[in-house]
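Q: Those protein sequences? They're chains A and B, same order as listed. So the first sequence is numbered by this note's numbering: it starts at 1 and just counts up by one. So the second sequence is numbered by this note's numbering: it starts at 1 and just counts up by one.
Among the hints, erroneous ones may be present.
[What the hints assert, rightly or not] Anything over 10 Å on all C-beta distances counts as not near chain A; from chain B, calculated: (1) F61; (2) R597; (3) I690; (4) L774; (5) G859.
[Unchecked claim] Partial selection, computed: residues in chain B whose CB lies under 8 Å from chain A: (6) V643; (7) M645; (8) W648.
Hint data in this document are derived by calculation from the structure and do not stem from the laboratory. C-beta: ideal position from N, C-alpha, C; glycine also.
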Amino acid sequence: MTTVTDKIATLWPEIALLTGAGACLMLGLSRSLSWRRAAGPVAALSIVAAVALLFTQGAISESGHARAAGPLLAQLGLVGFARLAILLLGFLLTLVAGQLPSRLDPTADPHSPSTPGAPAPVARSMRGELFAFLLFSLTGAMLCAGADDLVWLFMALELTSLPTYVLVASARDHHEAHEAGVKYFFLGAMAAAVFLYGFTLIYGATGTTDFESIRAYLTHQLRPPHHELPPLLTAGILLAVIGLAFKIAAVPMHFYVADVYQGAAAPVAAFLAFVPKTAGFVALVNLTALAGPVHSRPASLTWTLWTMAALTMTTGNVLGLLQDNVKRVLAYSSIAHSGYMLLGLISPPTATPPLADQPLGNGIGALMFYLLAYGLATLGAFATLACLETRGQEAQTYDDIAGLGRRHPALGAILTVCVLSLIGLPPLVGFLGKLYLFGSAIQHGYLWLVVIAVINSAISAVYYLYIVGACYFAEPNEHLQPAPTALTTRIGAAVAAVGAVALGIAGGRVVDLTHHTTAYPMHAQMPDDRLNAMTQIESIEPPTPPQHLHLSSTQNRRP
Amino acid sequence: MNPIWLLTTAILAPAACGAFTLTLPRRDLTQRVGLAILGPALSLLLLGVFVAKHGTDAGVFFRAWMPQLQLNLQLNADRLGLFFAFLVAGVGLLITLYARAYFGPDRDALYRFFPSLHLFMTTMLGIVLADNFVLLLLFWEMTSVSSFLLIGWERDDPTAVKKAMQAFVVTGMGGLALMTGLILLGQHTGQWTFSGLFGSPLQNDATTRWAFVLIFAGAAAKSAQFPLHFWLPGAMVAPTPVSAYLHSATMVKAGVYLVGRLWPYFATVLPIWPKLILGLGALTMVYGAFVALQKTDLKQIFAYTTVSQLGLLMCMYGLAAFTHEGQPNLIWDVTQVLNHALYKAPLFILAGAIGHVASRQLPQLRGFFWRNRTSWIMATVLLLAAYGLAAGPGTLSFVAKEFFFYQVYHAFEASHHPAFYLLIAASIATGMFNVAIFIRLATTLLARPVVASSESSGESEGDGQAMVDAHPAADAHTHAAANAEHTAAPLTAHPAGHDASGASGGGHGHAHETGFWPIFLWLPGAIVVAFQFIGGLAPGVLDRFVLQHLEPSRYYERHLPSFVDILGHLSHPQLPLIMSGLAIGLGVVLGFLPLLRREYDDPLDHAYPGFYNLVTKGGGRAFGSLQTGHAAWYVALVWLAFVGMFAWSVGFDFDGLVRQWPAEARFELERPGEFGQGLLLTFLVCLTAILLTVVKDRASRVLVLGACGFSVTAVYYLYRAPDLALTQISIEIVSLVLFLLVLSLLPSEPPRPRVWVMPRVTIAVAVGAMMFWLTLTSSVGPQPSGAFRDRYGQPIANLGEFFLRNSYEGVDTTAVPLNRWGGGVVNRAAPDQRDTKQDLHHGAGGDNAVNVVLVDLRGFDTMGEITVLGLAAMGVWTILRRRRGFKSPKERVEEEEARLAGKRFLRLDIPEPTGEPDSRHQLRFPTVGQVGDS
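If we strip away everything but chain A, and leave its shape as in the complex, we get (with noise of 0.2 Å):
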């Protein structure tokens, strides 16, 4: 049985991120100048020691298991990858939000009337501290990955969502800042008590709150044929997803994103955009598994996500259409893309031989592969906004962004390639995430959704094509500059270009990594020995009559 030291001994990276995140907190509040700049750079450590971290935890804990032979990336699973997924694009998201606290001034109290819009003294400024939140995030959404128990899943989530919002409203000096964490904070908190009540539900219904003993519960006691679940946990499940799909950015929790992401500074946006998505798709993951292998799921749990799926990707495209500002459509595009992923949470691989071998069919899989592909693409066009500036704003419209690539031929090339691999063109890393995705789809089953999902892609195209058309076709604009002191922002906009390339190109092996870790046994993964006592217990149990097995039965069970 695993003890709690076991549970924290695989906990490494998280650690080691939670205490960059606490040295970044105290380097952020010193006086002195020197110290609160080393935040940022502390903060990238930090993740790179994670990253080594996870490494050698991945070569030593999952070592004695099943999976001995293979690379050591593939003997991370779901929770390596994801975790490895966030860190990676988490550094690139330290890198982009590198400058931003200097941009800030913390001398100027945003209450006082004194100074308005001022130009802040940028050598006395820097909230190193921002990093501490950065950080925190990411720990909350790497331990979303690794959650095998609801209480834990709750608190990860939360991790990964409070700092977030303090991130919204304070990495921009500007009211429309303060508007979007407000509003960003209560919706989520509503939200979450939405997914806490799903939560207690489940827990309700089974009276634990362990996955694998839900699971376990699940398998001992609901025997074929009837495979019913009780509608307590399927009503819990239904709620926790519906609060999951805050985290998410889809239908019917989406209505905060275009708000929020205006408001937050360009980094933070791209933030928001990858990292909670992430923890919520994991939970999303983890959750919908618990109702059991695809085959054995109730109706309600389907139909919901494909809906929500449907919902999703329309409202985005349809909406992102109406936008002139471009860090709405980016935000609209987030709620659309989310759309196309649930296509792959409801295909999850199976067990049947034509399916099982191949990663088209693996809806899990292309999920991962998908966010590693949006992660990439939505964070350089969000690093790009970041890198401009007009009239001392952020660039935000397609007017300020009119003629870039004329101007900034670089900046233009970066946003370009992010924004045509949003749109899942060839030979762009987009382009095999939809292919994956949409072949995992239709592998089972869901040609409808496809075709809905078809037609949604060519309307995104159209307000993608408006901000290349924005870069290349439009007269520039006369006060677009660079930003000053953003050459870590530049540094992390190219590597996600080119990563977008890259794994364009050459994704194979991330094609197969995603596939090999989240293939089919992840759903009953379950350490013998705990699979053991399940049965020893179910062995003494005082034999019960069969109705008592399922709920639809109307027998009063009271003796």
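Given chain A, work out where chain B should sit, using these hints.
A: Leaving out everything else, chain B in the frame of chain A:
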């Protein structure tokens, strides 16, 4: 060289050369053109080497790329693929030369043009040589990109960008449909290559049908089939080299190629194949020709004839579903495709050339033939190509059309379906329209330049023709001008930008060149059109050098051993020849008649703007009305979603969630009178809660809230939880006092804006009811089985009972926990070995279940709550103290004044929204007044 690398290099050569041109300095025009020519030339050379070494039946070449996603570098250089590859590279070479002449010495244009054009060449070569589905898709989508770049060439012209986007969206959506179809086919058959499909014959099942329909949708979008054809005429805003190359000779053929690639697998298996393809193809064929006749812009005319011809090519493959004399009914399909390229590319090239030196508007081209030294050459080449369009005798086109009629005839013979009468009529009508177009072109271009109506009446026959033409043409002109003015039809609007500037002699912002290059304005067209006549007059030559090697219709080899032999059939008049004659005769008559001469506005031109408006207006209104920016509204929506979700799951499992449990739940009343008191108190709680929403004044509202709280306290007391009642009452008192204190300091309440109360009340009631129901269900509703057990391992019916049972007696410490966090516990010892004395009193030992839950069962939780509360209090205290300590005297004075004025003590710095409320910019938040009293 390894064949696969040979082919891959041939595919990549143009794009590589195109990319290299970017490295040259802009002024090196000659080197740039040289390098650009090298691309397709290299492709041609390598393809030639390949054919010489491996022949045209070399089979499939494989190299793994991403086998995980079924993406492999698998090329199939068979006759069909090689034919298209030669076509793409060959025409590409000529177009490169033409582009140099067309753009003149415009350095910036050529700097931008060659990379885009050559990227397209590569993707097109990739499409026709790819054997792997995903590889095909990859190149297919890339053609959409390069096409977008080239159509939106005039980047400062919003119309061009709009049309480029339209083309991208239509063909891109087609590409995605193709993707879906190919994935479906691949997963259904397990084969991801065309060649692999030979190994697993298809069945006529639903999946295959869907796959076919989706694939055909992709092909139809690319090949401009009705009703998706509108993007192609729109794409004519591109420079003419692009139109000549992408939108007539090559890219639009991608769909035809795909259908040609697929027919051996599908045509005879799926009954839907001829129905779908023939239906749409025939419609496209007639409609395209019909519209083409009524256009006045040369490029528009040729664009619609392209649409028409693409319909014909589709029909040709549709007819392959039938059999004739035991063979598939398909005659020389490659010849048909070649024929179209051989007259359509010259037509576009010359249209551009004439537009370059004069105008593209037909009415302005009267007598162009006579205008100057080069104009007669251009007019001649154009008319020769147009003669091909009309399928006049002596051209390859005539032969090709004859083949097509034979196919129709054979299919008719084979099935005798009445729909074939329609198809025969459609074929004749198409031919007729094409002939009429030729006649009108000829009469316009050859007309005498000066037209004086009084003098010309008695002149020669040619002038008589011109006369017939004069009136309607002028009419069409004015109509077109009016059209351009007030509908700003994109197709007529464009000439103002680029090509028509030639009319004023300007060209492209550069003076007309002299010397070597301008001859390439018409020479490529002349070269290509020459093949038309070679094919028509000396078919043996074409057969010997080209078709014998590349024509894949080997099915016909027994039946019609060679291309030349089929001409023998023509000497014996059958229905096909009669059809040809009929088409030509009717066409000549129609050409001279004043019928169908008004500018026709293709209603489907509005399809894309209409769709766009539907999405933005309709969809925008539907979704945008939800996206108001009001936080309060979002909150309402979140709760609605919450309730909706519950209703949804109840809809799925009504029995489990609603109907079932009340039968099992028991309300046990211990004292008879208890219920009445409880009811009264509950009524009070509800009443005060409702009053709270009605009362306007702040202070009264606080008092009502207090009343509500005290009623709850009484409920606690009634149900024997005095400790809880005590806690509650103390909190109530403190909060009431605090509230009143703070309220006394607040400014007087501003008048509240009207809010919609009823919906809010409804949502609130729904959320409350749902929470109540679920909580009740989970605590007193039945548990599935075995979720909770008592200490003897017997299942406990529900959660409520679990708490009751464990609050005093509790659990067995020797048991093995069912799960990590407590919950149910099982005694593993056999019943007779249980030590009952030891078992007892291991529970919480408390009689009050509520207390036990708070301090024992969830004791850690309570402790956490207290800790958090304490920390928060400490934080608040620190902040308050700091604020007092750090305040400057001036600030204190100001604050004191503000307080004395009874204002701005609690100031929330959330600014009011500025500017007009725009649905796209809404970031609204309740104002200060609303925050205080929620």
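Q: Run every hint past the structure and note whether it holds.
A: Status of the hints after comparison with the structure:
1. F61: holds, 19 Å
2. R597: Holds, because the least Cβ-Cβ distance between R597 (chain B) and chain A comes to about 37 Å, which exceeds 10 Å.
3. I690: holds, 23 Å
4. L774: Nearest chain A Cβ is 7 Å from L774 (chain B), so the label is violated.
5. G859: holds, 15 Å
6. V643: For V643 (chain B), the interface hint is violated, since the closest Cβ of chain A sits about 10 Å away, which is over 8 Å.
7. M645: holds, 5 Å
8. W648: holds, 7 Å
Of the numbered hints stated above, those contradicted by the structure are hints 4 and 6, listed in ascending order.
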